[in-house]
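> Start counting the sequence shown at -5; every next residue gets the next number (our numbering).
Where hints are given, some of them may not hold.
What follows is a set of in silico ranges between Cβ atoms, one per label pair, in the way DEER data are often shown [to be verified]:
1) Met277 with Ala181: 17 to 25 Å
2) Glu245 with Thr120: 34 to 42 Å
3) Gln219 with Gln176: 15 to 23 Å
4) Glu291 with Glu123: 39 to 47 Å
5) Thr212 with Ala127: 28 to 36 Å
6) Gly53 with Met277: 16 to 24 Å
7) Glu89 with Gln215: 30 to 38 Å
8) Ser239 with Gln176: 28 to 36 Å
9) Trp155 with Leu236: 22 to 30 Å
10) Lys247 with Asp143: 41 to 49 Å
11) Arg109 with Asp156: 32 to 40 Å
Listed below are the simulated DMTMM-like cross-link pairs for lysine to aspartate or glutamate, each with C-alpha atoms no more than 20 Å apart in a straight line [as the list claims (entries may be wrong)]:
12) Lys114 with Asp149
13) Lys247 with Glu263
14) Lys124 with Glu152
15) Lys247 with Asp262
16) Lys114 with Asp156
17) Lys114 with Asp172
18) Lys247 with Glu291
19) Lys96 with Asp63
20) Lys153 with Glu182
21) Lys114 with Asp143
22) Lys179 with Asp224
23) Lys153 with Glu164
24) Lys251 with Glu263
25) Lys179 with Glu164
26) Lys124 with Asp172
27) Lys114 with Glu164
28) Lys251 with Glu291
29) Lys114 with Glu152
30) Lys179 with Glu123
31) Lys124 with Asp111
Don't read these hints as lab results, they were simulated from the structure. Think of the CB as a built atom: it goes at the ideal place given N, C-alpha and C, for glycine as much as any other residue.
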Amino acid sequence: MNKALRLATEKGYARFHQRERAILLSQPVSTLRQLKKPPEPAYVLPMSNHPLDVSAPQGAVALVTGASDRIGATIAQALARAGYAVVIHYRSNAEGARALRKAIQADGGRAALVRADLGKRRQRQTLVEKAAACFGPLTLLVNNASLFDPDSALDIDEKLWDQHFAIHAEAPIFLARDFANQLPKGAEGNIINIVDERVLHPSPAYFSYTLSKSVLWTATQTLAQSLAPDVRVNAIGPGPVLPHSRQSEAEFKRGVKALPLQRNAGPDEIAQGVLAILALPSMTGQMLALDGGKHLEFSPKRGPTPRQ
-5 MNKALRLATE KGYARFHQRE RAILLSQPVS TLRQLKKPPE PAYVLPMSNH
45 PLDVSAPQGA VALVTGASDR IGATIAQALA RAGYAVVIHY RSNAEGARAL
95 RKAIQADGGR AALVRADLGK RRQRQTLVEK AAACFGPLTL LVNNASLFDP
145 DSALDIDEKL WDQHFAIHAE APIFLARDFA NQLPKGAEGN IINIVDERVL
195 HPSPAYFSYT LSKSVLWTAT QTLAQSLAPD VRVNAIGPGP VLPHSRQSEA
245 EFKRGVKALP LQRNAGPDEI AQGVLAILAL PSMTGQMLAL DGGKHLEFSP
295 KRGPTPRQ
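Please put together the full structure from these sequences, using the hints given.
Here is the structure:
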């Protein structure tokens, strides 16, 4: 019995490479009866050497929050190049938002701007409606807007706490509601939340930030349950991507060097993660941790380990 038949006998008829399937199906009926399950070509998916299809479907429109610079701007550009009409949300960086719109349009894409302070309910409540007025109903929402300020359990600042939860929890959740409600009947929608690897590897140094991002990660899963099958909801958990405002370039590089992989995911890789999620239609309620392995960090015990 040849290799293809042995494999089929051991595991039942599954997904074979095209050549192996041809060998299998050329065998006489008496030989095929040895298999655990007769061949059913209709259930076999052909192997493909083509890359993931990241091209946007016709009429695809994306709203990216916090898109005037850094990670959000890179995501917006990647989506525009994939064929999305992109609505760029910003709060105060109008110059950066206009520059991004100009760059997308110069590249042949479509982009529009909407301004809103996500920490203010009245402005947040009209954001999806304003965004949908730019190019038509939204088919993708990327909740990227973020605040990253340190505190601890012993010095929680109530104002800072409220800001973190307004931007990382309340706004994304209610924007998801508004997004799902405006989605045309029969249309497929996607929501991608940019959370943080800290939801898997908490840090007490950023107490309010970590807790609010953890709420968004839990919301990602419960929204995926609630909005299926029309809307898929997933997340990306970045690690150190770019130096933050209280960090020098040298400090950032030392932190990256300490990662298990000794490399980080830059903005381009985060944007590629967004495109990858969009190209995987059965994926929902999941998170891609693009962090160089930071969520796997651990502190080894001091002293020798006693032998059992």
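> So, for every hint listed, does it hold in this structure?
A quick look at each hint next to the structure:
Between Met277 and Ala181 the C-beta distance comes to about 18 Å, which sits within the given range of 17 to 25 Å. Roughly 40 Å separates the CB atoms of Glu245 and Thr120, a value that falls within the hinted 34 to 42 Å. Distance hint check for Gln219 and Gln176: the Cβ-Cβ separation is about 20 Å, which falls inside the suggested range of 15 to 23 Å. Distance hint for Glu291 and Glu123: a CB-CB separation of about 42 Å, consistent with the stated range 39 to 47 Å.
For Thr212 and Ala127, the Cβ-Cβ distance of about 31 Å falls inside the hinted range of 28 to 36 Å, so the restraint holds. Roughly 22 Å separates the CB atoms of Gly53 and Met277, a value that falls within the hinted 16 to 24 Å. Remark: the range hint 30 to 38 Å for Glu89 to Gln215 is upheld by a beta-carbon distance near 37 Å. The hint said 28 to 36 Å for the Cβ distance between Ser239 and Gln176, and at roughly 35 Å that hint holds.
Restraint check, Trp155 to Leu236: a C-beta distance of roughly 25 Å satisfies the suggested window 22 to 30 Å. For the hinted restraint 41 to 49 Å between Lys247 and Asp143, the CB-CB distance of approximately 22 Å leaves it violated. The beta-carbon spacing between Arg109 and Asp156, approximately 21 Å, falls outside the hinted interval of 32 to 40 Å. The straight-line distance between the Cα atoms of Lys114 and Asp149 is roughly 24 Å, outside the 20 Å bound, and the hint therefore fails.
A distance of roughly 17 Å separates the Cα atoms of Lys247 and Glu263; the hinted pair therefore holds under the 20 Å criterion. For the hint pairing Lys124 with Glu152, the CA-to-CA distance comes to about 31 Å; that exceeds 20 Å, so the pair is violated. For the given pair, Lys247 sits about 18 Å from Asp262 by alpha-carbon distance, which is consistent with the 20 Å threshold. About 11 Å separates the Cα atoms of Lys114 and Asp156, which keeps this hinted pair within 20 Å; it holds.
Between Lys114 and Asp172, the direct Cα distance comes to roughly 16 Å. Compliance with the 20 Å bound is thereby established for this hinted pair. Taken as a hint, the Lys247 and Glu291 pair is honoured in the structure, with Cα atoms around 17 Å apart against an allowance of 20 Å. Of the supplied pair hints, the one linking Lys96 and Asp63 holds, its CA atoms being roughly 13 Å apart against a limit of 20 Å. Proximity of Lys153 to Glu182 is assessed by CA-CA distance (about 38 Å); at most 20 Å being required, the pair is judged violated.
A distance of roughly 19 Å separates the Cα atoms of Lys114 and Asp143; the hinted pair therefore holds under the 20 Å criterion. Under the criterion of a C-alpha separation no larger than 20 Å, the hint pairing Lys179 with Asp224 is consistent with the structure, at around 9 Å. A distance of roughly 15 Å separates the Cα atoms of Lys153 and Glu164; the hinted pair therefore holds under the 20 Å criterion. Under the criterion of a C-alpha separation no larger than 20 Å, the hint pairing Lys251 with Glu263 is consistent with the structure, at around 18 Å.
Annotation: proposed proximity of Lys179 to Glu164 is violated, straight-line Cα distance about 26 Å (limit 20 Å). For the suggested pair Lys124 and Asp172, the alpha carbons sit about 11 Å apart, so the restraint of at most 20 Å is met. Simply put, Lys114 and Glu164 have alpha-carbon atoms about 10 Å apart, close enough for the 20 Å limit, and the pair holds. Restraint check for Lys251 and Glu291: satisfied, since their Cα atoms lie roughly 13 Å apart, inside the 20 Å limit.
About 16 Å separates the Cα atoms of Lys114 and Glu152, which keeps this hinted pair within 20 Å; it holds. Distance check on the hinted pair: Lys179 and Glu123 sit about 17 Å apart at the alpha-carbon level, within 20 Å; holds. A hinted pair counts as satisfied when its Cα atoms are at most 20 Å apart, and Lys124 with Asp111 qualifies at roughly 13 Å.
Hint compliance for this structure: hints 10, 11, 12, 14, 20 and 25 are not met, and every other hint is.
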